[in-house]
Structure formats: C-alpha cells, structure tokens
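Same order as they appear, the protein sequences are chains A and B.
Reading the first sequence from the start, the letters are residues 2 to 404 in my numbering.
Reading the second sequence from the start, the letters are residues 121 to 361 in my numbering.
These are calculated hints, taken from the structure and not from any lab test.
Backbone N, C-alpha and C define an ideal beta-carbon position, used for all residues, glycine too.
One or more hints might be untrue.
As the list claims (entries may be wrong) - In silico SDA-like pairs for lysine to any residue, Cα to Cα no more than 25 Å straight-line:
1. B:K191 x A:A399
2. B:K191 x A:D396
3. A:K174 x A:T229
4. B:K191 x B:E306
5. B:K191 x B:H207
6. A:K174 x A:F116
7. A:K174 x A:N119
8. B:K191 x B:T173
9. B:K191 x A:P322
Stated by the list, open to error - If you want the footprint, here are the derived chain A segments under chain B, 3+ residues with CB under 8 Å:
10. 5 to 15
11. 313 to 319
12. 339 to 346
13. 397 to 403
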Amino acid sequence: MTAIREYWRIALGALRANWFRALLTALGVVIGVASLITVTAVSDGASAQISASIQRLGANVVEVDGEYISVGSRQSATDRVITPGDVAEIAKLPMISIAAPHQDIESQVVSAGRFRTNTWLVGMTPAYSAVYNQRVVRGRGITSADVSFGREVMLMGLDAAARLFPGQDPIGKTVRVGSHEFEVVGLQSRRGQLSDENLDNRIFVPLPVVTRVMLGGENTVHLSVRVTSASEVASSQDAIEEVLLRRHALPPGYPEDFSTQDQASILEEGQAASTTFKALTFALGGISLLVGGIGIMNMMLVSVHERTREIGIRKSVGASPFMVQAQFLIEAIVLSTLGGIAGVVAGIGAVGAIGSLAGWETLISVPSLVIAFAVALVIGLLFGYYPARRASRLDPIAALRYE
Amino acid sequence: MEDDAGTSVIELAEISKVYETGEVAVQALRSVSLVIREGEFVAIMGPSGSGKTTMLAILGCLDRPSSGSYKLVGEEMSTLDETRRAHVRGERIGFVFQAYNLLPRTSAYRNVELPLVYAGVPARERRSRVLAGLGEVGLSDRAGHLPTQLSGGQQQRVAVARALVMRPSVLLLDEPTGNLDSASEEEVLGLLERVNRAGATLAMVTHSNEVAERASRIVRLADGEIVSDEQVGGPLALGTR
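Could you build the full structure based on these sequences and the hints that come with them?
Written out as structure tokens, the structure reads:
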C-alpha cells in the first residue's frame with residue numbers, strides 16, 4: 002500500500018526534523034544491543050575455548066586419582082595407591098588405548114642460576130604425552146629411554162622456561178629441583194589455560210626420577226588413560242573401578258581409595274558455570290535493553306507532549322487517529338531499528354576492543370546479532386505503542402491551542 | 121434569507137455547545153442557526169467569550185456541538201466518528217490560523233503537501249498541485265524554505281496555500297491577520313479577496329472592524345447567540361462598483 006510508504010516518509014521527516022532528540026532516544030537501545038552482543042560474544046568465546054581445550058588437551062581422557070582414606074582413627078599413609086601392576090592391568094582393558102601413570106608435585110620451586118620460580122612438576126612417560134596430545138616446539142620430548150635409564154632430563158612449559166631463562170635458549174641448560182640437576186632437552190608447545198591453571202608453567206621429567214629418586218617407591222597418585230571412543234568413557238570408568246577395587250582388596254566398609262573422572266566432564270563443569278554466567282550476563286543485557294525501551298517510551302511520551310501542537314496541525318489537515326498512531330509507532334520502530342543497527346556495529350566494535358585489550362577469547366555468532374536486533378525491534382514496537390496511542394487520541398482543538 | 125444566492129455550504133441548526141468544567145457548565149453557544157452559501161465571505165465577530173472561536177471549531181469539525189445539527193454541503197457532521205471527521209477536515213475544510221500553524225523544521229513545499237499526503241493523493245499529482253498552490257499565493261520561489269526563513273506574511277500565505285490545496289468546500293480563518301504588520305495584513309487580505317472572487321467560501325473570525333469590512337457579510341455574536349447578521353460591501357460588492 003502506498004499509504005504505508007507515506008507514513009514512513011512522514012515519520013522519517015519528523016525524525017529528521019528532530020534528529021538530535023532522535024539520537025539521544027536511540028542511545029539507550031544502542032547500549033542495550035551492544036551490551037547484549039558483547040556479553041554473548043565473550044561467553045560464546047569462553048565456551049568455544051573450552052571446546053577447543055577439550056580437543057587440544059586430549060579428548061576421551063579419564064583421570065584416576067589416588068585418595069587418602071580414613072575410617073575412624075585410621076588413615077592411609079599415602080594417596081600414592083596406584084601401582085605399576087594396576088596400570089598394567091588397566092592398560093589391558095579393551096576400551097583403553099593408552100594408560101599413563103604420572104606423579105605430580107603441584108608446587109615445586111625450581112631454579113637456574115639466579116632465577117627461581119614456582120612450577121608444577123610432572124613425572125611422566127611418553128604415554129602421558131600421547132594421552133594429552135603433548136607437542137614439542139624445540140628439542141625433544143621425554144623418551145622411553147629417558148624413563149628406562151632414569152635420566153635427569155626435563156621438558157619445559159614455555160612460561161616456566163621464560164621465567165628461568167629470560168632472553169636465553171634453555172635447551173642444554175641446567176635446572177635445579179631440590180638437590181637434583183636436570184638438563185633441559187625440550188620445550189613444550191603452548192597449551193594455554195585450563196580454567197585458572199596455566200598449563201605452560203609445568204615442567205616434565207621422567208617418571209622414575211620423581212617416584213624412585215625423589216619420593217621413593219614405584220606407586221603414583223595419578224593415572225591418565227585414553228579411551229578408544231567417547232561412548233566408552235563411562236564403561237571404562239566402571240571397568241577401571243572394578244579392577245582397582247579387586248586389586249586393592251580393601252576391607253569391607255572402607256571407602257574407595259581412588260576416584261575417576263573424565264576430563265570432558267571436568268571441562269563441562271566449567272562450561273556449565275559459563276552457561277550460568279552467560280544467562281546472567283544475557284539477563285543483564287536484556288535489562289539494559291528494557292531500560293533502553295523504557296527510554297524510548299519516555300522520550301516518545303515527551304515527544305508527543307512537546308509535539309502536541311504538531312499533532313493538532315496534522316489532525317487539522319486531515320490526519321486520522323490511525324495515521325497519527327502509525328506515524329509515532331513508525332518513529333519508534335525506526336528509532337529502535339537504527340539504534341539496533343548502531344548497537345550491532347558498536348557491539349562488534351566493543352567485542353573487538355575487549356578481544357585485543359583484555360586478550361579474551363570472543364566469538365560473534367550471527368544468531369546473537371539477529372536476536373539482539375530483533376529484540377530491539379520488538380522493544381520499539383512495544384514501548385512505542387502507548388505513546389503513539391496517546392498521540393492519536395489527542396483532542397485536535399486542545400492540541401491546536403496548546404502552547 | 122437569500123434563497124436565490126446559490127447552494128448552502130454550511131447549515132447550522134440550533135447548535136448549542138456546553139463545556140463542562142468541573143462543577144460549572146459554560147454555555148458557549150446557545151441554539152445558534154446560521155446558513156453560509158457558496159461564494160460568501162463571512163466575518164464572525166464578537167467580544168472574547170462570545171462563542172465565535174467555538175463556532176469556528178464546530179464548523180471545522182475540530183469540536184462537536186452538544187446539540188443541534190451541522191450540515192456541510194448537505195451532509196450531517198455532528199454524528200461522524202473521529203476518523204470520518206479527520207477526512208472531512210483534510211478534504212473539505214481548509215484552516216488558516218492566527219499563529220500560521222505550519223509544521224516547524226518542515227519546508228513550505230512539505231507543509232502545503234501535507235493534506236494531499238493524508239488524503240492519499242498520488243505523489244506525481246501532489247507535486248503539480250503543491251507547486252500550483254504555492255504559485256497562487258506568489259511563493260513559487262520559496263518552496264524549499266523553512267517557516268523560520270519566511271516572514272509572517274509569507275508564512276500565512278503558505279498556510280493559505282495549504283488550506284486551499286485540497287480545493288475545500290469552505291476556508292475557515294481564525295484571526296488570519298492577527299499576528300501580522302499592516303503591510304503583511306494587506307498582502308494576506310488581498311489574497312483572501314482574490315480567492316473569494318475565484319469562488320471559494322470563507323468564514324473568518326476576527327475582532328477587527330477594518331478586517332471584517334473586507335468580508336461580504338458580518339455575523340456578530342454575544343454570549344453565545346447571534347445578535348446581528350448584515351450584508352456589507354467588500355468583494356461581492358466590488359464587482360458592482
């Protein structure tokens with residue numbers, strides 16, 4: 002219908018005539034849409050990072066951890082309950098492709114010359130590298146020979162290396178761990194963060210050096226296994242538990258001296274947390290849009306009030322109540338649409354700025370842009386309706402006399 | 121009265137208007153009857169509070185009578201709903217107000233175009249009619265000017281062009297020269313006389329005898345009643361001079 006086009010033209014003309022007020026009115030929507038897009042991009046980025054972490058750090062990984070147990074006054078002497086025999090039997094399970102025992106010392110001060118730093122030491126074998134998709138950027142990794150001969154060699158995370166050897170090549174240098182001296186043979190590729198843990202601050206040495214030499218004994222606290230497929234993860238946990246319960250032969254009434262957890266569920270916990278965060282921030286963005294909508298309604302009401310005379314003039318030259326309502330409703334929609342477009346642009350800009358300034362992983366998805374924009378549009382309609390209705394019902398004679 | 125003077129454009133029959141303001145009811149018009157015929161230029165006079173503005177508002181379908189009948193070109197107006205009244209205002213009545221009432225920040229062209237837009241006249245036709253209308257009032261070269269860029273007289277001429285652009289049955293004028301200096305007043309009155317001579321029917325509220333004398337008929341109101349109704353010289357008599 003050509004009439005609709007005319008209403009558009011009238012509404013646009015009225016907006017152009019009051020462009021500064023229009024700008025201020027749209028600002029609320031701009032901010033609402035931009036914040037909606039920004040929080041969505043940040044939390045989507047976090048989710049994407051977690052998914053990427055699962056792939057990078059090794060999918061289908063189950064971690065078995067030894068636990069201290071206590072019943073009454075008795076407490077087990079150690080949580081290093083996983084024996085080489087346990088590992089060998091678990092490795093034979095059909096759904097397990099790799100079994101990698103490892104012994105971690107989670108806070109270990111190490112030094113090189115005058116530099117000291119606190120790191121996370123992992124005593125491990127090549128199986129560990131296979132389970133966790135570990136890559137080496139310089140030098141070499143920990144080999145079976147290193148493990149067999151108990152060589153005091155070290156693979157370093159990039160951040161640990163940078164702290165001990167600032168501006169130097171660490172390969173071939175010596176790192177002191179307590180009374181032991183390790184030769185740096187390789188640098189691990191960058192792994193990034195796992196929740197709040199810096200995976201690049203870890204250092205890796207052959208397992209026997211930690212178990213036999215530093216701590217004594219053969220047992221470990223940790224066993225990480227790679228399961229053949231994601232669908233076998235749950236059944237592998239049952240099978241591992243069955244093996245360990247049988248082999249550990251704990252007296253009746255004792256709790257299990259180990260626990261199993263699959264890495265995906267650990268990461269998904271983080272993801273669940275980020276879903277909550279996302280819901281919260283989305284609600285926050287929604288509230289700012291609502292505030293923007295109320296801003297539109299307020300400005301439209303003020304505008305209707307200020308333009309009472311204009312409405313009277315329009316009615317005196319033939320504008321029907323419907324036409325006046327259409328004009329103001331279209332003005333509100335145009336405002337929220339332009340605000341929505343500007344908000345999308347501002348949101349994309351803000352996401353870019355956050356990405357480069359804070360270094361956060363961000364992900365702008367097209368659906369989030371569309372949703373934010375659509376919400377802006379609906380809000381324009383919703384909050385434009387009442388002021389438009391009011392304008393349409395003004396008494397023409399009173400409106401014309403209005404000063 | 122003059123049964124021979126052409127068809128009646130406006131027929132008011134026993135029109136009353138009561139304003140309820142709180143507990144006091146103000147009787148603005150008391151059973152007023154009036155006929156205005158095609159081609160007349162009627163001045164409506166009276167002291168403030170006499171009901172002349174109320175009468176103009178009722179004539180313009182801006183307000184409804186409390187009782188009585190108002191026929192515009194034979195059609196009853198007092199019972200129409202707001203949408204129909206809006207169409208009547210747009211298509212059959214032209215308004216010229218004391219304060220010009222042009223849309224601010226809107227060009228002369230767009231102001232004159234407004235009634236055509238609301239009446240749904242196609243864009244091509246609008247353009248020629250707006251330009252012709254501005255030409256009629258001698259403002260062809262001011263089409264793109266905003267009201268603030270025009271003198272008072274020019275603004276009022278734009279308002280006259282806007283009031284005429286739909287070729288209405290009647291032109292209603294509320295103190296059209298009240299805000300103008302004498303030169304501009306003459307400009308606008310001369311224009312109104314020309315329009316009247318071309319056949320338009322005019323009803324004008326004024327408190328100035330000088331202005332009223334330019335009309336062909338003067339209706340005087342007091343306390344909501346017509347107290348005198350007389351033919352005078354003016355445009356209709358000009359032809360016989």
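Against the structure, the hints come out as follows:
Proximity of K191 (chain B) to A399 (chain A) is assessed by CA-CA distance (about 23 Å); at most 25 Å being required, the pair is judged to hold. Distance restraint check for K191 (chain B) and D396 (chain A): the Cα-Cα separation of roughly 21 Å lies within the 25 Å cut-off, and the hinted pair is therefore satisfied. Between K174 (chain A) and T229 (chain A) the alpha-carbon distance is near 38 Å, which puts this suggested pair outside the 25 Å criterion. At roughly 32 Å between alpha-carbon atoms, K191 (chain B) and E306 (chain B) are farther apart than 25 Å, so this suggested pair is violated.
Only pairs whose Cα atoms come within 25 Å are accepted, and K191 (chain B) paired with H207 (chain B) is accepted, the gap being roughly 15 Å. At most 25 Å may separate the alpha-carbon atoms for a hinted pair to count; K174 (chain A) and F116 (chain A) meet this at roughly 13 Å. Straight-line distance between C-alpha atoms of K174 (chain A) and N119 (chain A) comes to about 18 Å, which keeps the hinted pair within the 25 Å bound. Restraint check for K191 (chain B) and T173 (chain B): the C-alpha separation of about 18 Å stays at or below 25 Å, so the hint holds.
Restraint check for K191 (chain B) and P322 (chain A): satisfied, since their Cα atoms lie roughly 23 Å apart, inside the 25 Å limit. Counting residues of the segment 5 to 15 of chain A whose CB falls under 8 Å from any CB of chain B gives 4; the rule of at least 3 is met. Look at the segment 313 to 319 of chain A against chain B: 7 of its residues bring a Cβ nearer than 8 Å to a Cβ of that chain, three or more, so the hint holds. Check result for the segment 339 to 346 of chain A against chain B: violated, 0 residues qualifying (beta carbon to beta carbon below 8 Å, three or more required).
A stretch counts as covered by a chain when three or more of its residues have a beta carbon under 8 Å from one of that chain; for the segment 397 to 403 of chain A and chain B the count is 3, and the coverage holds.
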